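Number of protein chains: 2
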Amino acid sequence: MLKFYYGVATCSLASHIALEEAGADYEAIRVDIRGGQQQSPEYLALNPKGRVPTLVTDRGVLSETPAILAYIAQTHRAAELAPIDDPFAFGELQAFNSYLCSTVHVGHAHKMRGGRWADDPAAREAMTAKVTQNMSDYFGIIESRMFRGPWVMGERYSVGDPYLFTVSNWLEGDGVDIRKFPRVADHFERMKARPAVAKVLDVVSAKS
Amino acid sequence: MLKFYYGVATCSLASHIALEEAGADYEAIRVDIRGGQQQSPEYLALNPKGRVPTLVTDRGVLSETPAILAYIAQTHRAAELAPIDDPFAFGELQAFNSYLCSTVHVGHAHKMRGGRWADDPAAREAMTAKVTQNMSDYFGIIESRMFRGPWVMGERYSVGDPYLFTVSNWLEGDGVDIRKFPRVADHFERMKARPAVAKVLDVVSAKS
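Residue numbers (the numbering used here), protein chains in the order written: chain A, 9 to 216; chain B, 9 to 216.
FYI, nobody ran anything at the bench for these hints, they're computed from the structure.
On a predicted model such as this, the values are computed, not experimentally measured, just so you know.
Please note: incorrect hints may appear among the correct ones.
Any copy, or any two copies together, can satisfy a pair, since identical chains are not distinguished.
Distance condition first, Cα-Cα at most 27 angstroms in a straight line; then the derived DSSO-like pairs of lysine-lysine [said to hold, decoys possible]:
{"id": "1", "residue 1": "K188", "residue 2": "K57"}
{"id": "2", "residue 1": "K119", "residue 2": "K57"}
{"id": "3", "residue 1": "K138", "residue 2": "K119"}
Chain A on its own, in the form it takes in the complex (with noise of 0.2 angstroms):
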């Protein structure tokens, strides 16, 4: 059985959800990244890098959401949750998922986790001052170029769309009206209505 581990707000709820919409057999631990377990030696010795998520498989530990999202997809063909078999179609989504990965969520954290990129508190506050123009530019070339409708990739689900579901919810926070952004608007509302999505959201608001 796989092991994920998660964190309450962070972006491992995109692979949560990735494997709760594949029905595979996994346990979902809960790392508290507020208490900062996610440092601690025991978490460091399966991630090394200190974050969420991490999915332990049978033959050892996976990270990093991209990875882990096309990793469900791969093996857990019948929910087709990616067009593994076609280069070009798999190759849009990884290029929409890891511009999720690299762009938009690094513009998120520089709101909360900017101490990452410089040490002087003016500095962070700078930081924290562009993330809702930023945040706002991405979502502009989302909405326009990237997104197809009514899914991420065009007719059909994929991992990339609980990926933008999860991106998307930091908007409110990040001080953008994810209303000027109609489909992808339409799209957090739709995947907040799938059963797998409510399920998880469950969990993961629930008290430890």
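Start from chain A and add chain B according to the hints.
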């Protein structure tokens, strides 16, 4: 034929080497990054993010290094540049590439590209000041926990190797002595000796 848009001294070097290692039929087109060509209407029509690399295929456009690397491997199977049919091994390779993309590259970018995340010049100086330590920390994890040897994933050369080579190449400019990481340093030298790498370095360093 593939059209590959690259920039000098950018992460596009990884995909460029991978195309060469794969024996791909491609045309390499230089984008004048210093001159801002990546923000021209023509280029933004291809890649609305205004970044390199961009790969134009007969099906459409791909961006994002991890996605392009997997695509090259998947469409040039004879070159055996990724364990596509082994979801766990492929997941490990993708996790490695995603770490380089979303953590290591991002850490490096805070030296010259801090304006992406803060407008205040003092904040950008504070970001630059932390780059040496961050890059050193990231490579400490690569050296001790991620790199297997002799290649990134072990006995088999993969698309993770040109990507590691590309970011290792930034260490000197970031104030990090690569010799602190002997296995990475040895990999860097062996990579330079590969004909495909030497050929691409010649193309990229040629005056336009």
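Query raised in the report: Under a CA distance limit of 27 angstroms, which applies to K138 and K119: within one copy, between copies, both, or neither?
Result: both (8 angstroms within a copy, 17 angstroms between copies)
Query raised in the report: Within a copy, between copies, both or neither: where do K188 and K57 come within 27 angstroms Cα-Cα?
Result: between (35 angstroms within a copy, 19 angstroms between copies)
Query - Same-copy or cross-copy closeness of K119 to K57 [CA-CA at most 27 angstroms] - result: Classified as both: same-chain Cα gap 20 angstroms, cross-chain 21 angstroms, threshold 27 angstroms.
Every hint, counting from the list given before, is met by this structure.
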